[in-house]
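Peer 1: So the chains spell out like this:
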Amino acid sequence: MIEYYTLMHRGGRDDYLDNVYINHGEKLTAFLYYGSSDRTTEVRSNEAKLAGAVVSGGRGRPFDEIASDVAMYMGNESEYLLIRISNEEVMIDSRGGVYAMIAKKGDVRRLPNGLMKLDNGDRIVCGTTRFYKKLTKPAIYTDAMISFSSEEWMDFMVCRISEQTMLSEGNLTAITFIVRNDEIRIKE
Amino acid sequence: MFDQWEALSTELRTAIVAALALLAVSLFLAVWVGYNWVKRKKMTRASGRKDNGELLSAEIAYFHEKGKRDKQEDSFYISPVDEYDKNGLVVCVSDGMGGMRFGDEISHDIVNEIKGMWPLSFFGNEKTADDIRKISNMICSKYDFQGGATLAMIHIYNNYMNIYSVGDSDIILIRDGQSTILNPRQNYVSYLVKKLVREGKETQDAYINSKSRALVDFMGNKDPRVIYTTEAMKLTDGDVIIVSSDGLTDAIPWNTLAKYNHSGARKIAYTIKQTIKSKKIPKQDNYTAIMVRMSRGVV
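Chain order of the listed sequences is A and B. Going by the numbering used here, the first residue of the first sequence is number 2, and it counts up by one from there. Going by the numbering used here, the first residue of the second sequence is number 617, and it counts up by one from there.
Not one of these hints is a red herring.
Derived list of chain B stretches under chain A, where covered just means 3 residues or more per stretch with a C-beta under 8 Å from a C-beta of chain A: (1) 779-791; (2) 801-815; (3) 818-828; (4) 842-854.
Rather than coming from a laboratory, the hints here were simulated on the basis of the structure. Positions of the beta carbon are idealized from the N, C-alpha and C atoms, including for glycine.
One chain only, chain A, in its complex shape (with noise of 0.2 Å):
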């Protein structure tokens, strides 16, 4: 099981450019968009609203077609990131300023795009340079390490952004996963 917290926050602004879609598969597909990065000189909502009914709807299609599907509506300015996660292994597509985290063994590393196997309670972090922004991997890695759960370590880290940023920085977007595949299962 893939437990799953998502923040998207206006950050002080009258409009929310971000978008997040997910699709609750076997595997968990996810589509970041970060429309209100600086680098956007237009907004493009419109592609991402494609590109979202693309992940909405590809339950079961493999993780490469939709990759491609994205990058088809998406401009090549687009910043964004498609994650599909399961227990066993992860697999990202991104692109410009939003990137995945892994708290691990000690420490916290960006996921690079591609393929990558996973361990029960690897905890995984999604979001837009605004919100790592304020964010020391210290930080991300002991926050991951002290919460109960996704929300609460997304919890933990809003608090860091506010205490900095009074959260009136513009959009704030991520998603915290926790690989959980240690579930209790009673026999009948």
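Based on the hints, put chain B in the right spot on chain A.
Peer 2: Just chain B now, kept in the frame of chain A:
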């Protein structure tokens, strides 16, 4: 058999004895190397680290100063440094809650209990957290909410660190020119921020609330939430960890502490202490801090 041995030339007999002795020594060395390899592998697996074969040394310094308060309500503990290789290092600071009775006694009781727990199992972090909760419950029974204290504690072992925290004392890591408070403060601000975020609002109101610094959990509370790391953090050469009461971060903003990262723990402690003194803050709280500087080299 003996006759056959006697029949051999002296040179041959010497050569056979030497060969047997060499074989015995080789066997002993092989067993010894194998044993140590397995032992090291087990330790590496247990700590979850890839072994680079080097244990970082920990240099420790501290200050324990009374501010403008009537009593010194901070207490601290540093585990025996000569056991660093074997059991690691535990340091903690407990800050008695001001304005309440027994703050000094309670913080003293807490560090004494922690001292009594030494040596702690590094991998039994859940049990340690549970033991800390029991200390809090014991204080709750003894003082019946007429006082309380915070607790900030670290356990360093084999280049890894676990943290434990109840209340709002600080565990600060200085690394790569940046300082980070590792433990979240269990005060009302956290609750207000969470509420405002859920409502999609900005969070200025959380910080201007008159009760924002009130603790929502503390030692002396019944069954407090003990914050602790379920998986230890890896430490690196040059890391500085400061465990302190909030008298330090009230006087010096935590995000400026990285500039005090000098080459030695003593110098860091001295500079920070002098900076606080020189500020002459009229209502300066008591301030206690333990600095641990990790570096390559001999302990």
